[in-house]
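**Student:** The primary structure of each chain is shown beneath.
Protein chains: 4
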Amino acid sequence: MSKIKVTIWNEFVHEQEGGALGVLCRQWYPQGIHKYLAGVLAADDLEIRAVSLDMPEQGLPDALIEDTDVLMWWGHVAHSKVDDALVEKLAARVCNGMGFIPMHSAHLSKLFRRLMGTSCTLHWREVGEKERIWTVPRKHPIAAGVPETFTIPHTEMYGEAFDIPDDGKIIFTSWYEGGNVFRSGVTFQRGNGKIFYFSPGHETFPIYHNENVQKVLANAIRWAAPDFRDDSFVSHTPQPLETVYSENPLEKIDTSALHKTL
Amino acid sequence: MSKIKVTIWNEFVHEQEGGALGVLCRQWYPQGIHKYLAGVLAADDLEIRAVSLDMPEQGLPDALIEDTDVLMWWGHVAHSKVDDALVEKLAARVCNGMGFIPMHSAHLSKLFRRLMGTSCTLHWREVGEKERIWTVPRKHPIAAGVPETFTIPHTEMYGEAFDIPDDGKIIFTSWYEGGNVFRSGVTFQRGNGKIFYFSPGHETFPIYHNENVQKVLANAIRWAAPDFRDDSFVSHTPQPLETVYSENPLEKIDTSALHKTL
Amino acid sequence: MSKIKVTIWNEFVHEQEGGALGVLCRQWYPQGIHKYLAGVLAADDLEIRAVSLDMPEQGLPDALIEDTDVLMWWGHVAHSKVDDALVEKLAARVCNGMGFIPMHSAHLSKLFRRLMGTSCTLHWREVGEKERIWTVPRKHPIAAGVPETFTIPHTEMYGEAFDIPDDGKIIFTSWYEGGNVFRSGVTFQRGNGKIFYFSPGHETFPIYHNENVQKVLANAIRWAAPDFRDDSFVSHTPQPLETVYSENPLEKIDTSALHKTL
Amino acid sequence: MSKIKVTIWNEFVHEQEGGALGVLCRQWYPQGIHKYLAGVLAADDLEIRAVSLDMPEQGLPDALIEDTDVLMWWGHVAHSKVDDALVEKLAARVCNGMGFIPMHSAHLSKLFRRLMGTSCTLHWREVGEKERIWTVPRKHPIAAGVPETFTIPHTEMYGEAFDIPDDGKIIFTSWYEGGNVFRSGVTFQRGNGKIFYFSPGHETFPIYHNENVQKVLANAIRWAAPDFRDDSFVSHTPQPLETVYSENPLEKIDTSALHKTL
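From first to last, the protein sequence lines are chains Y, C, D and S.
Convert by adding 10 to the 1-based position in the first sequence; the result is the number in my numbering.
Convert by adding 10 to the 1-based position in the second sequence; the result is the number in my numbering.
Convert by adding 10 to the 1-based position in the third sequence; the result is the number in my numbering.
Convert by adding 10 to the 1-based position in the fourth sequence; the result is the number in my numbering.
Extracted from the complex, chain Y is given alone in its bound form (with noise of 0.2 angstroms):
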């Protein structure tokens, strides 16, 4: 059995901040978010590769984008600096198959909100609060072996309403000890593409470093692994499949040849 093939795509740019949010950051990630990630993601069945936003292609050169399965991403504050064309680039991607988790504040990323056609913005306060994290439908594979109900001590709350399309599947629901509830998983198909949003995970507080939430993440990415490559779809079908005739059969024009597209 061929492995999942998966790429961590991180803006790094908390991680190397100067100033007290960079030392904080660092504590916790001190290569960064996706070396992290992809350290404590390693198994047998995965190939993990960690790039960038600093990287050549801004770590995402067409060849890895080809080669990637399932695409992870953390982005907060350099959404903007993200290339319009490499988004629509991934959102094809997407569309053709490979799996896609965007964490945290990535619900603000171009790629997610492309993929949502929503603002995709939420409450939001950081005052280091305690979330409680509720698993939605009884049984989910990206809820396998996670506790019923699990708490992070402190993290910055991400609270209803979230705007995003109604056909999200809740798999996981926040409590929040300041009064918010939210939507912390919730998974979504564009085309052939699965994609997992789940809000657990901060550049400060050390979320990655919890159990459960990485539990979560090991098994959406097998959940978002496609089960097939190559969509070959052809638009253009000049030929009816059927030799049916109204009862006064017409003389069948092909007016598709007339047009030029500008």
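Just so you know, the hints here were simulated from the structure itself, not pulled from any lab data.
Here the structure is a predicted model, which is why all the values come from computation and not from measurement.
Watch out, some of these pointers could steer you wrong.
Note that the list lumps identical chains together, so a pair holds whenever it fits in one copy or between two copies.
[Stated by the list, open to error] Think about it this way: if two alpha-carbon atoms lie no more than 25 angstroms apart in a straight line, the pair counts; the simulated SDA-like pairs of lysine to any residue are:
| hint | residue 1 | residue 2 |
| --- | --- | --- |
| 1 | Lys225 | Leu251 |
| 2 | Lys91 | Ser245 |
| 3 | Lys179 | Val244 |
| 4 | Lys149 | Ala73 |
| 5 | Lys225 | Asp94 |
| 6 | Lys91 | Ala154 |
| 7 | Lys13 | Glu57 |
| 8 | Lys149 | Ser245 |
| 9 | Lys120 | His246 |
| 10 | Lys45 | Lys91 |
| 11 | Lys15 | Gly28 |
| 12 | Lys91 | Asp177 |
| 13 | Lys179 | Pro147 |
| 14 | Lys120 | Arg103 |
| 15 | Lys15 | Asp72 |
| 16 | Lys45 | Val87 |
| 17 | Lys149 | Leu251 |
| 18 | Lys120 | Val156 |
| 19 | Lys149 | Pro250 |
| 20 | Lys45 | Glu27 |
| 21 | Lys91 | Arg142 |
| 22 | Lys99 | Lys120 |
Position chains C, D and S against the provided structure of chain Y, taking the given hints into account.
**Tutor:** For chains C, D and S alone, coordinates are given in the frame of chain Y:
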């Protein structure tokens, strides 16, 4: 009761073309599809504006976008000419409540694809075959007054697989003489905005002259009109709503103040 | 404009009980929850009938069912007393267009479970804790005039995992002091009928005295009222619509005439 | 790896009928549709049991229900003979994880209607016309190895409007020679259980002899098999999870102890 403000946008290219196609198109729509639809859809409760790509600001200055309740869209060969910035503005306006009715080949318009997140591709064939349209929900406002089934004698075939998200509610589905089927009328919601895609329509077949097609579009305008205006959503809500504390209350820190957005 | 015909059904058991519970219940609803709601929801565009399980034909004779646009339902300990045949009649009436608003513990009513197809079970706890309710869509007719968030000081907790189908559109979601979350207001459609489940409400806590709860119920009635009546759908349609034939036309046989239904 | 335990239930009436219909049916299914399908679907990873309505406990004793991973169902004229109590047991077993594959005229079976909550009615016509089936998602496990489109030369027509809930994901859609269309393969989830309705199949047309139809059913069994067993969900959870209190802590009362269920 105030009127529903409708803006009909047309790329207005085929109608001005030289050659056989232009002649065929002007035969049915001498002043353009937008002007024709503005005429047949005119009603006391509507204020209709017909605009086109060749107008200043591509026909959609900010003041008009803001003043539009329902945007109808016809495009075919000039999708790529529409400014990306305009598309982003319109997508945000839909999420903020504006109704959107992409028609026929607008399935590949930037705006519809931006709101769907998928490729929106489909099978197509242009041999003038018969289309039979079925209403799927037994009662729906968009189908009010329309027969359960009706035909269009000569049409361009649009067939499954249609690459749209799973939250599309099917209002109409089509049968084609040549052996294909298609979800030809589908509703979506993105943010506060209601969307209705309707495939019947064409530049050379006189499909917008069909009274059932006109009835569907007239119904769709009323359905898509927003119940409300002005989404005054505020994302950052720094104060907890509940003054509740864990057993070991923490020194809470608002680290968001440390962030700089690039 | 004709009035919306609303029928409020109540099992009307707790209100007539002896013991502490009966006393607590009658304190808020001396004539029963159904009569109380009929009073506070009274409006010029509504014709409201309050009925109960102890009435002839369990309060719902055929003529009343047929004459009802929106059925509200309160049940708790007497679900099993409701006739199965009545449940089937009501389910068919919903599919034929009647709106249905199951309230609070009606999540386990036969009718709601019949329409959902799932167990409709959930977590629950009754310690009088605080509930905070959030509106999830930023604009929705059921939430019109209701604050984005409001609280109920003492409530029974209903928590996830709530076993309902995936087509539920979340209108409200609740936070509980004790650490749970819940999809507390959810819409569905079954056939032509609109359904709105709303969990706030109780027999001893005075939750139906809350003006926001009343506002939600008032909105829901208008939302659930049918646009149309009379589904005259005919299943057997023996004549083909298209007189089209395969290359080798067949002798077509209507074998359905051979069938006998047992 | 343990085998998937499949139970194929058949009302087994047409096959034992006198008259022309019985002769036509036995021509293709001499031992019954259930025995025929058990033969053609046999595989190393499956343990298949074929049962029928005329067996003790209508073919489905409790021990067999509990031991079934995927239940396939064929019924037509004897729906009303199936015990209501058996239907309730099976519906609960589906919510607890058992896969369910209703076939052809099982759209009107009590169990499918119980799980859908709708009337499940549709248009139908039996003149032996041609059906053309299309795969709607470009890649789906149920369609693996099946051509994008294939035909059945003579079939019973099932046509829209098909009264099913909106959460049905369309896997196959059908075109009929006589002018109708139909969502002929649709998935649902109810609780932990996966459901796949598939309309191709009939008692006298040899549709289960079609290799593509067999491939779809074989795929569907693997798709519907549960990932997990045993839903040990406990509804009443009297202890709060968070020891948090409002500013004015209340004397909390568990009033649930006062309730008596009738």
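**Student:** All the hints need checking, so say for each whether the structure fits it.
**Tutor:** Hints and how they fare:
Taking the closest pair of Cα atoms, Lys225 and Leu251 come within 25 angstroms of each other only across two copies (22 angstroms); inside a single copy the shortest separation is 49 angstroms, beyond that limit. Taking CA atoms no more than 25 angstroms apart as the test, Lys91 paired with Ser245 passes between copies only; the shortest distance there is 22 angstroms, against 34 angstroms inside one copy. Taking CA atoms no more than 25 angstroms apart as the test, Lys179 paired with Val244 passes between copies only; the shortest distance there is 23 angstroms, against 30 angstroms inside one copy. In this homomeric assembly, Lys149 and Ala73 come within 25 angstroms of each other (Cα to Cα) only across copies, at 23 angstroms, whereas the closest approach inside a single copy is 36 angstroms.
In this assembly of identical chains, Lys225 and Asp94 lie within 25 angstroms of each other by CA distance neither inside one copy nor across copies; the values are 32 angstroms within and 39 angstroms between. Taking identical chains as interchangeable, the C-alpha atoms of Lys91 and Ala154 are never at most 25 angstroms apart, the minima being 36 angstroms within one chain and 39 angstroms between chains. In the homo-oligomer, the alpha carbons of Lys13 and Glu57 lie at most 25 angstroms apart inside one protomer (6 angstroms), although the nearest pairing across protomers, at 30 angstroms, exceeds that limit. For a Cα distance limit of 25 angstroms, the shortest separation of Lys149 from Ser245 across copies, 16 angstroms, qualifies, whereas the shortest one inside one copy, 38 angstroms, does not.
In this homomeric assembly, Lys120 and His246 come within 25 angstroms of each other (Cα to Cα) only across copies, at 20 angstroms, whereas the closest approach inside a single copy is 31 angstroms. Taking the closest pair of Cα atoms, Lys45 and Lys91 come within 25 angstroms of each other only inside a single copy of the chain (21 angstroms); across copies the shortest separation is 41 angstroms, beyond that limit. Within a single copy, Lys15 and Gly28 get their C-alpha atoms no closer than 33 angstroms, and across copies no closer than 52 angstroms, so neither meets the 25 angstroms cut-off. Neither within a single protomer nor between protomers do Lys91 and Asp177 lie at most 25 angstroms apart by alpha-carbon distance, with minima of 29 angstroms and 31 angstroms respectively.
Within a single copy, Lys179 and Pro147 get their C-alpha atoms as close as 9 angstroms, and across copies as close as 16 angstroms, so both meet the 25 angstroms cut-off. Taking CA atoms no more than 25 angstroms apart as the test, Lys120 paired with Arg103 passes in both settings, with 15 angstroms inside one copy and 17 angstroms between copies. In this assembly of identical chains, Lys15 and Asp72 lie within 25 angstroms of each other by CA distance solely inside one copy; the values are 15 angstroms within and 45 angstroms between copies. For the homomeric pair Lys45 and Val87, the shortest alpha-carbon distance inside one copy (19 angstroms) is at most 25 angstroms, but the shortest distance between copies (45 angstroms) is not.
For the identical chains of this complex, Lys149 and Leu251 are inter-copy neighbours only, at 21 angstroms across copies versus 43 angstroms inside a copy, given an alpha-carbon limit of 25 angstroms. For a Cα distance limit of 25 angstroms, the shortest separation of Lys120 from Val156 qualifies neither inside one copy, at 30 angstroms, nor across copies, at 33 angstroms. Taking the closest pair of Cα atoms, Lys149 and Pro250 come within 25 angstroms of each other only across two copies (23 angstroms); inside a single copy the shortest separation is 45 angstroms, beyond that limit. For a Cα distance limit of 25 angstroms, the shortest separation of Lys45 from Glu27 inside one copy, 17 angstroms, qualifies, whereas the shortest one across copies, 56 angstroms, does not.
In this homomeric assembly, Lys91 and Arg142 never come within 25 angstroms of each other (Cα to Cα): the closest approach is 33 angstroms inside a single copy and 38 angstroms across copies. Taking the closest pair of Cα atoms, Lys99 and Lys120 come within 25 angstroms of each other both inside a single copy (12 angstroms) and across two copies (15 angstroms).
Hint compliance for this structure: hints 5, 6, 11, 12, 18, 21 are not met, and every other hint is.
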